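Chemist: Protein chains in written order, with the working numbering: chain W, 1 to 116; chain A, 1001 to 1112.
A couple of the hints might just be wrong.
[Claimed, not checked] Quick look at which bits of chain A chain W covers, simulated, 3 or more residues with Cβ under 8 Å:
| no. | region |
| --- | --- |
| 1 | 1021–1027 |
| 2 | 1063–1073 |
[As the list claims (entries may be wrong)] Pairs of lysine-lysine residues, derived as PhoX-like cross-links and limited to a Cα-Cα distance of at most 25 Å, are as follows:
| no. | chain 1 | residue 1 | chain 2 | residue 2 |
| --- | --- | --- | --- | --- |
| 3 | A | K1099 | W | K66 |
| 4 | W | K41 | A | K1111 |
| 5 | A | K1057 | A | K1022 |
Think of the hints as simulated: they come from the structure by calculation, not from any bench.
Everything numeric in this text was worked out from a predicted model, so none of it was measured.
Ideal Cβ positions, reconstructed from N, Cα and C, are used throughout, including at glycine.
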Amino acid sequence: GAVVSQHPSRVICKSGTSVKIECRSLDFQATTMFWYRQFPKQSLMLMATSNEGSKATYEQGVEKDKFLINHASLTLSTLTVTSAHPEDSSFYICSAWTSSSTDTQYFGPGTRLTVL
Amino acid sequence: GENVEQHPSTLSVQEGDSAVIKCTYSDSASNYFPWYKQELGKRPQLIIDIRSNVGEKKDQRIAVTLNKTAKHFSLHITETQPEDSAVYFCAAEGEYGNKLVFGAGTILRVKS
């Protein structure tokens, strides 16, 4: 299957700082990347859908000015959590999709964000 | 939009027994239904998927069935092993193409 990487795998930051998370498709070009947030013992909640070269589409209730998404190339999407607060602490997971993979989404390993 | 419900939330089985997890969905236009296995702190791994033109699909000890009329699909794991212990999520393709909506998850514990 296709390989998706995420960096960093774990980050601890102070309240008020910004954190950037990278998601890369290593062996294929991702037409679309998705960003999810997962709180402990809960399901994956879609935050936004990102298409290369266009603005991300955010799910209802997700602040686009707080969670900045950039999808500058077919292999890289970034999520920046701006002015992070303790309630933003979560497991952030990206997934990548390409038209050649039919409907399958390939997930990155996730980033554990802890805001102190 | 799409809504996916998953049951049970936890499931304990004895090693060697079968496990069944059920999901229902709301959007009759959905046509892709994957199942993911997630171990603690790890990424979700696709274990099997089914498309709406098929009623059943099997891969070794894992099978998925789909009833489009009733809008429900199920995961069946036979001859369970301790390494099958994990959280399992069902998902359905939402109203906009490849967007997935996930169920709440099922914690499967296989006791040896």
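Chemist: It remains to establish, for every hint, whether it holds in the given structure.
Modeler: The hints, checked one at a time:
1. 1021–1027: violated (count 0)
2. 1063–1073: It is violated, with 0 qualifying residues against the three required.
3. A:K1099 <-> W:K66: holds, 22 Å
4. W:K41 <-> A:K1111: holds, 20 Å
5. A:K1057 <-> A:K1022: With Cα atoms ~15 Å apart, K1057 (chain A) and K1022 (chain A) stay inside 25 Å; holds.
Hint violations for this structure: numbers 1, 2, all remaining hints satisfied.
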